[in-house]
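With these hints in hand, go ahead and build the complete structure from the sequences.
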Amino acid sequence: MSNTYSAFSLFKQAFRGHQGWQPVWRNPEPKPEYDIIIIGGGGHGLATAYYLAKNHGIKNIAVLEKGWLGGGNTGRNTTVIRSNYFYPESCALYDLSVRLYENLSRELNYNVMFSQRGMMVLIHSEAEMEMAVRGINAMKLGGTDAQLLDADGVKKRAPILNFRQDARFPIHGALIQERGGTGRHDAVAWGYARAADRLGVDIIQNCEVTGVIVEGGRVTGVETSLGKIRASRFGAAIAGHSSVLAEMAGYDLPIQSYALQAFVSEPLKPVIDVVAFTAAYGAYFSQSDKGGLVMGGGLDRVPSYGQRGNMPMQEAVLSGLIEFAPALAKVKILRQWAGIVDVTPDSSPVIGPSGIDGLYLNCGWGTGGFKAIPAGGYLFAHLLATGDHHEISRPFDPDRFKTARLIDEGAASGIAH
Amino acid sequence: MRDDSTRWAAASGYDRPDININGLQISVIRPWRQTLISGPISKSLELGYQKRAVGWPEIAKGKNYAIRMRRDRIMLINGPAIEDGWHKDKGLAVSDMSDACAVIQLEGVLADSVLKRGTELDIGIPSGSVVRVFHGFETFIYRWQSKDIFRLHIQFGYLESIWLLLQNFSNQASAQPCTNWR
Amino acid sequence: MQQFPCPFCGLRDEREFHFAGEAGKMRPDTSGEVTQTDWSRYLNSYKNREGKASEVWVHLPCQEYFIMHRDTLSMKVLGTEQLRRQEEI
Amino acid sequence: MSSSRLPGYGLIDHSKTLAFQFDGKQFQGHPGDTLASALLANGVRIIARSFKYHRPRGVWGAWFDDPNAIFDVSLNGIKIPNCAGATTCLRDGMRVQSVNTFPTAQFDVKAILDWFSPFLPAGFYYKTFMWPNWHLFEPTIRKMAGLGKLSEEITENYQSDQIHQNCDLLVVGGGAAGLVAASAAAQSGQSVLLVEDHNIAGGGLYRRGREIENQPPGHWVEQQIDAIKSAGGQLLLATTAFGVYDHNLVALAEDRGFGRAPRLWKIRAKRIVMTTGAIDRPLTFVNNDRPGVMSVEGALEFLGRYGVLAGRQIALLSNNNRAEPSANLLREAGANVRVLDATQGSPAAIGGKILRGIEFAAQTIACDTILASGGLTPVVHLWRQAGGKLDWDEKISAFIPGKPPNNMVAAGSVNGTFDLEEAMAEARAAALDLPVPRTDSSFQVKTLSPDRHSTGRQWIDFQHDVTLKDIELAARENYASVEHLKRYTTLGMASDQGKTSNMAGLDALASIQNRSIPEVGTTTFRPPFIPVPLELYRGAHRQQLLHPLKRLILEPEHRAAGAALGEYGGWLRPAWYGTGSSHEAIKQEVLAARNNAAIIDASPLGKIEILGPDAEKFVNFVFYNTISTLKPGHIRYGFMLSERGIIFDDGVVTRIDENRFIISCSSSHVDSVNRALEGWRQDGNDPDSVFVHDTTQNWSTITISGPQARKILTVLDLGVDLSPEAFPHMSFRQGNFASDPARISRVSFTGDLSYEISVPLSNTSLLWSAVISSGKPLGAALVGVEALAILRAEKGYIFVGKDTDGETMPHDLGLSIPRMRKKTPFVGDRALHTLTANSENRRQLVGLLIGKDDEILTTGAHLIENSGTRPRSIGYVTSSYHSPTLGHPIALALLEKGTTLTGKTVPVWNQGETRQAKVVSPCLFDAEGGRLNA
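Protein chains in written order, with our numbering: chain A, 344 to 760; chain B, 19 to 200; chain C, 102 to 190; chain D, 771 to 1704.
Because the hints were derived from the structure by calculation, they are not lab data. Among these hints, one or two may not hold up.
As the list claims (entries may be wrong) - Okay, the calculated beta carbon distance ranges per label pair: (1) Ser1442(D) x Lys498(A): 29 to 37 Å; (2) Pro35(B) x Glu1698(D): 52 to 60 Å; (3) Lys1622(D) x Pro129(C): 48 to 56 Å; (4) Pro35(B) x Lys153(C): 50 to 58 Å; (5) Glu558(A) x Ser1586(D): 48 to 56 Å; (6) Gly543(A) x Ser1442(D): 50 to 58 Å; (7) Ile77(B) x Met1590(D): 31 to 39 Å; (8) Lys79(B) x Ser921(D): 31 to 39 Å.
Said to hold, decoys possible - Straight-line alpha carbon distances no greater than 30 Å define the calculated DSSO-like cross-link-like pairs of lysine-lysine that follow: (9) Lys81(B) x Lys61(B); (10) Lys499(A) x Lys913(D); (11) Lys1387(D) x Lys106(B); (12) Lys355(A) x Lys633(A); (13) Lys498(A) x Lys1572(D); (14) Lys1357(D) x Lys612(A); (15) Lys897(D) x Lys397(A); (16) Lys1040(D) x Lys153(C); (17) Lys880(D) x Lys612(A); (18) Lys126(C) x Lys1387(D).
Owing to the predicted nature of the structure, the values given are computational and were not obtained by experimental measurement. Beta carbons are placed, not taken as given, at the ideal position from N, Cα and C, and that holds for glycine.
Dropping the structure here:
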């Protein structure tokens, strides 16, 4: 029913005043029952539905979204895609994601604008250099790409950065993952939604889950703002609001919610052609195709569900960013926003059973959910379809908190003495 | 290996000229003793021969006085010599901290405006204690002798940095009011 | 920039405070046997309430640990409680 | 030339001229002009090009609602990109350049893109550029996109100022309502701050041109200001409230002039009165983007404030009853104005770069200017940011403030109250916290939806080239939510942040979907209300004040001794001494330390005192090691763990007496250890029986280590018996130095006989010179942190965080006795017995040896196992040096099952290169401890 996208179809439609474009997705009424219901119409939920239909042949699926699809963290991040992780488990997970992203536009027939411009992690001291070498080796052994740049190499890639000797943190070099970069966040949600819809998935917007129906220790349905809907399996992919569902259904989660802020500047002619991240200054930025600088940093200090963000972190991130790239001082901010991210004790995601039969979880992505959308969907679909982990998602099962086999990417980087 | 000695201006320690700008005077002062006492406040005050430990915006008076640090802690400024350690009879813990903090005095009508650049300080918001984060530094800030003399204590290690900050703030404060201000 | 009320110092800039965990969580008594589940729950489980929440905070400059009730969505502070008994001021 | 200056009009100073350049041409303006008003006064109509199609653009609005006039401006060598022309004040000598044009806005070669616009509808890029991949097309597209050019030069002294202020009442907006509110509040005794974004208060008064309370606006405004000030109120001009944050914090940006960074005011107000006014809403009609089409209110503002008449032959197209009074004002100024009721026909602008007329109700009307108004849109941005609700006012067809957020009230035009008397009555009530009277407005609007059957293009977002057809396309493709619409078409994401386009866009979507505007809803209003430079947020958080370092009291002495300084754990410390090669200097320091003695400034070491009757129990609980058996005068090395059992800090505990301990934690962990200790003290202990005093900065510590250490100390005459029997390793004595107390700990981080002498800061300099004069004859050397790192590595001593990671537990370092035997609870105890803690595959600390003359191993190289299809990491090198003492390379590593591999060879892998190393004990120096205990 839907058009195939190409330069040719765009050309053809131009002569028809673009009257012939079909809806990218339907607005179906919810059926009383599905095989699988995905709660959450963000990137992870939509990707899960897509892979369930495509890889596992399950078509009787609904995605329930309380607002507009892609309106949560999928549409509120800084669009960075990378797999520069330390632990082999993480490398495997995020590299699967990068590989899926590499072919995603063609697979979905929707341009998600994955731009592999490189992801650069700056090194500002000898101590950081040692940790970077540890990281590069871990990445290479873990099967992903990484290279070390010296200060001159960094200067070639990003002359806008602060190479002055009086910089608070001088630049020694960088770790760069060339396959990393950015994507168009909304397009990822829309592309998956369109592709899933074409495979028969019901995407139901403005449908808020208000209750979980548990019968005989098993989740059999959900109460929603559009009525009761049943299914034999449920997958929850609701990021920062995971704990709200957990309270409804009655299971524990190792999650705390925080606002993560981002900023975009007025559009500028090209300034930087790589994603530049610096831990010392606590900030990173890249430039969007429209020309705006997309900037971010750490979590707000106060746990919250307020999708606003607050000044202390703005001051911390932006003052670090200017010291990192002083020419940016005069650049103006156009918008600032925040997403609510779900942070686990080890900063690694949770994929696995909820503890209540029939309900599975995909959450805990913290600050890094966008880059993991294809892998998160792919692996979660596997779990929902088969009831078993894909080998890549096994280490991310919530049972790791009991066995204490954490995948602590935050602590892996250690602390300088 | 990187040598940062030229990237950081040589430290001046206590030996530095005052900041004097538009009637604002900022100087380092050297009380001869600062004593930290933890435990029941009435006992602590008794030990230091003080009636009260000031909070915000109270005004500390005289050469020797006490400032309130927290629910169960005061600091005596120029108090009597008291033996370090646990005072069993009174249930008090005592540590001499005479050298731990540098003390900076800010005087003049602009002093309030300098302080407001580093913290949300207002006489309308009283506080039981004088401890306060000032532009990221943990400090004690209180009024002394009059309503526009302020004292600020800071860990000695941060004296260089906070001085740089106060210079910066003094320049900003004395540049005000600008034409937009009516 | 929020303002939180330290039970001793009064209203202060949020940057003077540090979130120290959810209220009501007890450390299991490790002088006896503690199951893996109980220990894991102690370390890892959060209510993470959207809306009214009770949390332990510390006012960094005065190091007072206290319980703060607040709304995690509206950011309204609903009240504080001292962790320790009332005492002469 | 259609727009022109009118002598005698406006608030500008006609007597002085200012010269400026636009796109290479010279022009003149007057003080009080903005770039937009000056260009209009010079009859310049085309001042920009649109983002996508490079259509010519003229000035649309006179203030922050203008989406078109965006310039790169330079003055006196300072270049600022993307300055909003309607809000940037003109200065003499400014060079103004249109953005994203080549060569000029007037003649832009990329205008040819407009011919391809049929192929470039909203979101066209989602449908193409997929093969072979996006990154191939991206560079071309990125060069085409973007507006201003950022100069890479760093502007020195471009520094924002930041200040806090508290007040009872903040009034946002200095129009008539704001002035009245501020003066009423000030007179009632409230502390008041009124903030106004123009540099002259009065708001919309100047554009209505009439008297207020029988006075000219300027007089009346001055009177109000006097009243406010004499009642103790304050007024901030040229300052915009751009953000409302939690707990009534309002952020203001004070414009301090071109080239100077603004000042950030963080205002904490008990109450806030919003008198933010209203802006004109554009009309959607064919070719409404043509230069010469302006907002009615904009034209009146240019007239009243800047003395610029927008045109001579004006068609005023409007759907409301303000049209005639507005037209009269323009007529008085000499324009020929024809008022057209926009609801009575489908208008279309005629002309290209030059506007020639308007087609309306089947007739063609010649004009050089079209002024358009689709009603007034209250400026509710800050209200929404604060969490206030909006109500739809059908009568004026606009959103007005509804249920208020905490402590906020709206008055005047922002409420839809456009009549002056009523607005001022509202303001007075709002100021005094009385119920705000609401009256029926005389303002009348006829509802008007875009004509979807017209054939020409109708612009919704002027800067981003979003047309009605684009919105129709988005709706057709089911990007039906208002957020999808915004993101798909980029509507409202231009640099005016949708101030102009938002309502027109909602209106268009509503009419396409056959819904009402309130049903469609609004997008979120976010800070900043106007674009503000990043610098605004920075203030003094710059250079050395960004993560400032702590400085040693001995720094002058270290510098005098030729120290190289480095950043270690938040302190600036001597890295090594001497000016030659660092490598050689460090080697000599190590050798001197081993052969004679090292003198080290170890002042940053933590000194946290635990006092009280429960101190013993407390320290025993927070330490992994058993401390309860420690006798006064003795010292024990130990770990503090996290509750996950991970090593958080290592250090020594000294028991001074029954009720007093000193924890000497790592220098970088003092604050975190102190906080953790306070946490445990207040949670689960009697807080009256144990106290934590961080005395770190009261004391300096000088370490004297090496075979000659005792002799050096003897000379210092500290009043302590130094004989090994009287003062053995791991013991503590209190002595005297310069008649003040001195604390002497016999502990070692080098593996040699060592003493740490701590004295109050004020005695440090004296002690330092005494130690040097007694040490120098004995061959002692000043030793920096780098040599110390080697000394401790030779001995196999760790740095927490370098030689341990986020998984390391004490038993991984071979210290497993408390884990097995300690009976009383301690922090992290249970975590040492999980499946993972009990695993046989844990990474353990080992030493590594390679050939005597080999290059040292790279720190960060991994140890690997070549069993599977590809090498697997089984650990990594954490420290690696050439040992001057041993004359060969040494390394420490964390290695899976490391202790079972002692004597074996493991491959060491670094970025593709493999070497071999032998696993040995981490301790390679004086394993028996003879030197330590000497």
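Here is what the structure says about each hint:
no.: 1; hint: Ser1442(D) x Lys498(A): 29 to 37 Å; result: 36 Å, holds
no.: 2; hint: Pro35(B) x Glu1698(D): 52 to 60 Å; result: 56 Å, holds
no.: 3; hint: Lys1622(D) x Pro129(C): 48 to 56 Å; result: 53 Å, holds
no.: 4; hint: Pro35(B) x Lys153(C): 50 to 58 Å; result: 55 Å, holds
no.: 5; hint: Glu558(A) x Ser1586(D): 48 to 56 Å; result: 49 Å, holds
no.: 6; hint: Gly543(A) x Ser1442(D): 50 to 58 Å; result: 54 Å, holds
no.: 7; hint: Ile77(B) x Met1590(D): 31 to 39 Å; result: 59 Å, violated
no.: 8; hint: Lys79(B) x Ser921(D): 31 to 39 Å; result: 55 Å, violated
no.: 9; hint: Lys81(B) x Lys61(B); result: 21 Å, holds
no.: 10; hint: Lys499(A) x Lys913(D); result: 18 Å, holds
no.: 11; hint: Lys1387(D) x Lys106(B); result: 17 Å, holds
no.: 12; hint: Lys355(A) x Lys633(A); result: 26 Å, holds
no.: 13; hint: Lys498(A) x Lys1572(D); result: 29 Å, holds
no.: 14; hint: Lys1357(D) x Lys612(A); result: 51 Å, violated
no.: 15; hint: Lys897(D) x Lys397(A); result: 21 Å, holds
no.: 16; hint: Lys1040(D) x Lys153(C); result: 24 Å, holds
no.: 17; hint: Lys880(D) x Lys612(A); result: 15 Å, holds
no.: 18; hint: Lys126(C) x Lys1387(D); result: 22 Å, holds
Hints 7, 8, 14 from the list above are not met by this structure, while the remaining hints are.
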